[in-house]
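J.: Chains as they are written, first to last, in the working numbering: chain X, 1 to 245; chain L, 1 to 589.
Calculated directly from the structure, the hints in this document are not laboratory data. Be aware that a few hints might be false.
What the hints assert, rightly or not - Taking lysine-lysine and the BS3-like style, the derived pairs with C-alpha atoms no more than 25 Å apart in a straight line are:
1. X:K52 / X:K35
2. L:K111 / X:K68
3. X:K148 / L:K463
4. X:K148 / X:K112
5. X:K148 / L:K468
Said to hold, decoys possible - Facing chain X, according to a computed beta carbon distance under 8 Å, are these residues of chain L, among others:
6. R423
7. K426
8. S430
9. F431
10. F438
11. P442
12. Y444
13. L447
14. S448
15. F452
16. I454
17. L459
18. F462
19. Y464
20. V466
Source: prediction; values computed, not measured. Ideal Cβ placement from N, Cα and C applies to all residues, glycine included.
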Amino acid sequence: MKLLRVFFLLTVVFIPGLFAEAAFDEANKLYETGKYAEAAAAYNNLLNSGNKSAEVYYNLGNAYFKEKKTGLAILNYEKALKLSPRDADIKYNLEFAGSFIKESAVEDTVTKLLNSFYYYLTLNELCVMLALAFFALMGLLIYRLFRKDELSYWFTFSFSVIFGLIFVFSVLRIFENENTRSAIVIEPSVEARAAPLETNPASFTIPEGKKVLILNSRKDWVEIFLKSENMKGWIKQDAIAEIMP
Amino acid sequence: MKKIYLFLILAAGLFAAEEVTLSAVLDKNIVEAGDQLTLRVSVTGSGTPPLKVPQMNDFNVYNGGQSTQSNFSMVNGRISSSTTVNYSYTLSPKGPGKFTIPSFTVEHKGKIYKSEPLQVEVIKGGSAPKNTAPQGGGNTPLSSSGEIFVQVTLNSRKVYVNEPVIMSFGLFRRINILGQPQYSPSDTTGFWREDLPPQLNYNKDGYSVTELKTALFPAQQGEFTIGKASLVCTVPTQGGNDDFFGSFFNNGKNISLESKPVNITVMPLPLEGKPADFSGTVGRLNLTVALDKKEVKTNDAVTLTVTLAGSGNIKTIAEPKLLLSDEFKKYETVSEININKENYEVKGAKIFKTVLVPRKAGKLSIPAVRYSYFDYGEKKYKTLISNPISISVTQGQKEEMSYSSLPSLASPEGVKVFGSDIRHIKQTGSFSYGKHLFYRSPVYLALSILPFIIWLALLLFFKYQVSKEQNIAFFKASRAYSRSLKCLKKVSRDLASKKQEKCLGELENIFAEYIGDKINRPAAGLSVSDIKSILAEKIKDRDLADSAAGLFEELHFNRFAPARKESTDISGLASSIKEMIIKIEKAGL
Chain X
1 MKLLRVFFLL TVVFIPGLFA EAAFDEANKL YETGKYAEAA AAYNNLLNSG
51 NKSAEVYYNL GNAYFKEKKT GLAILNYEKA LKLSPRDADI KYNLEFAGSF
101 IKESAVEDTV TKLLNSFYYY LTLNELCVML ALAFFALMGL LIYRLFRKDE
151 LSYWFTFSFS VIFGLIFVFS VLRIFENENT RSAIVIEPSV EARAAPLETN
201 PASFTIPEGK KVLILNSRKD WVEIFLKSEN MKGWIKQDAI AEIMP
Chain L
1 MKKIYLFLIL AAGLFAAEEV TLSAVLDKNI VEAGDQLTLR VSVTGSGTPP
51 LKVPQMNDFN VYNGGQSTQS NFSMVNGRIS SSTTVNYSYT LSPKGPGKFT
101 IPSFTVEHKG KIYKSEPLQV EVIKGGSAPK NTAPQGGGNT PLSSSGEIFV
151 QVTLNSRKVY VNEPVIMSFG LFRRINILGQ PQYSPSDTTG FWREDLPPQL
201 NYNKDGYSVT ELKTALFPAQ QGEFTIGKAS LVCTVPTQGG NDDFFGSFFN
251 NGKNISLESK PVNITVMPLP LEGKPADFSG TVGRLNLTVA LDKKEVKTND
301 AVTLTVTLAG SGNIKTIAEP KLLLSDEFKK YETVSEININ KENYEVKGAK
351 IFKTVLVPRK AGKLSIPAVR YSYFDYGEKK YKTLISNPIS ISVTQGQKEE
401 MSYSSLPSLA SPEGVKVFGS DIRHIKQTGS FSYGKHLFYR SPVYLALSIL
451 PFIIWLALLL FFKYQVSKEQ NIAFFKASRA YSRSLKCLKK VSRDLASKKQ
501 EKCLGELENI FAEYIGDKIN RPAAGLSVSD IKSILAEKIK DRDLADSAAG
551 LFEELHFNRF APARKESTDI SGLASSIKEM IIKIEKAGL
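So here's chain X without its partners, still in its complex pose (with noise of 0.2 Å):
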């Protein structure tokens, strides 16, 4: 009985692990046939089923790229690359197939610098780093009152000036987890408009692919904001899928 107890739990635990890799490759042998509608069902099937991995996004993306679907591949790689964000290939490919969109701003190389060292690390790895900083800033001040040395003053000091600067990243990077919601326009050139109806005439159009901030959400209707363009306007809620891996 308790052998069949850890056997089940075993199972449990590697089972899907398991199932995940060979899924994973029966979905590549897909890709590398050609079959990319086949190959996309197949990656799909593997995400809903829970197994959540930057790999398995990197690989739909390039699927759903292949067969012209530019609007989903750019969400898959968008998904990948906040699961992996120093992952070059993932940034190569996001960046090619959003060169298909034709933006009408374009970041500079500032911009793009300052945004690739503010995404340098997962929301995780920040929360372990500090977490980690804490721990050691922690451990010194403990140290601090059995013995009182300079050495110990002065790591002391550099290590809350360490766990000040990760604590206010984080929090930043959480207040911005928790409160905005990205969308990537999945369907060609949606119309948004200035009032969620459908009788109201078409405002601007957005391109597929383009990356549009949630406002507010009403019924089928969301209301999206474009921050390079500073333009709002409220399109239907299938014609955008949010980016959360």
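With chain X fixed as given, assemble chain L onto it according to the hints.
T.: Coordinates of chain L only, in the frame set by chain X:
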């Protein structure tokens, strides 16, 4: 009608050189079933993009070849060039009815240009009004006066599309003509013309004949009429009068001479034996393929020259296709035309030059060039095949070397990009089941707070410990005075009943404990020098400290000196201890 169209095409070509204009023209809009239509499509523009031919299911379509005209104009120092490509197609309707020929399209620089769709009505044979009515044979010489006449003759009345026809315009005369005659040539719409100079003079049947030859190349199939050619010349009023004065003063009269129009049948190229790669070219040709260098280095250019020489309409010779591998980088082919009109025949060569750059070293081969054309002399299709050419390529100078030797020049070609695509998929994935955010998890928060709690607990514990110690000392210090006085009273009361020795020890203890409590130190370990230094430091009164130390020393001495025991005044000592304690208390210890 045709003229107007032609003019429109030309005008469009001139005025809209930057744009691409496209026009499709039919020779007739009503046709009998079984008859044939000629469709001409002209593409004019700065480039010559390929023409997309729509599906025409109601007709059998025959390609009649293509011709290219280039036009350079310089207006106010700006040079514009336009090229007109004429395509001709022969359509034979499959059945009667009304049909629409869909638009021809051309894509140029991302724009799509369309021609107007055309309507055709195909009627059942017999009653269709022909627009080319048969006219009397123009071959027989007819003269207006018998003395002077013109005639147009053709060397053949039934030719294939693009086969050369020599048209001769002859002036036959028995009389002199005065001055320069004015010649207006025949209307040869539907043909390419090449004038064949020089004019030919000979005598025939007593006539003095002046002949002008022109080569015609029919651009499309069908029945054509070579229009009348006319000549206005001045002849003497009295024909053949040799009178000196008469001829001298006679200004003569103007007469207008016209030739009869001549019919010609242009046949489409035969269908049987038509090679798949037929280029549309008609002529009698030879093919030579040459390469200017046989040994080159990589990234050096070589020129491949393909020459098609022979007779026929040299200008319309289509470009041969080069089947080159990726080992060569191929640049655009430029062509030049040499035309030679000796012996009243259009001969010449069209030379196609292509610059090739070998990309890799080794023995590379340029495959054989195949060229299919229609030989009008033998009336069949022919395919010319050249020999393949091999070229040995040695590795050219390395990029790094050119960097070091020519630091000011950038390397001619670094990484060569042929096309860009997304990067390939990843083969291995790291999976985490239901990845979530750490900062939301209570475990993370608890773990993060844990060291803080440890620190806080330790801090509080130490604080408590310190405060507790401090409390004891304060308590002892505050109670030291009253306690010592109380003890002193007790000692003096017990003085009678107790031994002297014991009392002395108690007195010393009282004093030591008082000082020890006050300075938070155990009384047992106090020495005279300790008391001296601590008291001097704490009460800032050296005399008092000295006297206190002296008293302590005396007590000590009395206790351990039994010889003096009997003489010791214990009550006096007790009172002096009391005084000292009061003094020290007042000094603020």
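J.: Give a verdict on every hint.
T.: How the hints compare with the structure:
1. X:K52 / X:K35: Since the Cα atoms of K52 of chain X and K35 of chain X sit roughly 23 Å apart, the hinted pair holds (cutoff 25 Å).
2. L:K111 / X:K68: It holds: about 22 Å lies between the C-alpha atoms, which stays within 25 Å.
3. X:K148 / L:K463: holds (15 Å)
4. X:K148 / X:K112: violated (45 Å)
5. X:K148 / L:K468: holds (21 Å)
6. R423: holds (5 Å)
7. K426: holds (4 Å)
8. S430: holds (6 Å)
9. F431: With Cβ-Cβ at 5 Å, under 8 Å, it holds.
10. F438: Holds: closest Cβ of chain X sits about 4 Å from F438 of chain L, inside 8 Å.
11. P442: violated (13 Å)
12. Y444: Result: holds, 6 Å to nearest chain X Cβ.
13. L447: Holds, about 7 Å.
14. S448: With Cβ-Cβ at 5 Å, under 8 Å, it holds.
15. F452: holds (6 Å)
16. I454: With Cβ-Cβ at 6 Å, under 8 Å, it holds.
17. L459: holds (6 Å)
18. F462: Check passed: Cβ of F462 of chain L comes within 6 Å of chain X, closer than 8 Å.
19. Y464: Since the shortest Cβ distance to chain X is 13 Å, the answer is violated.
20. V466: violated (11 Å)
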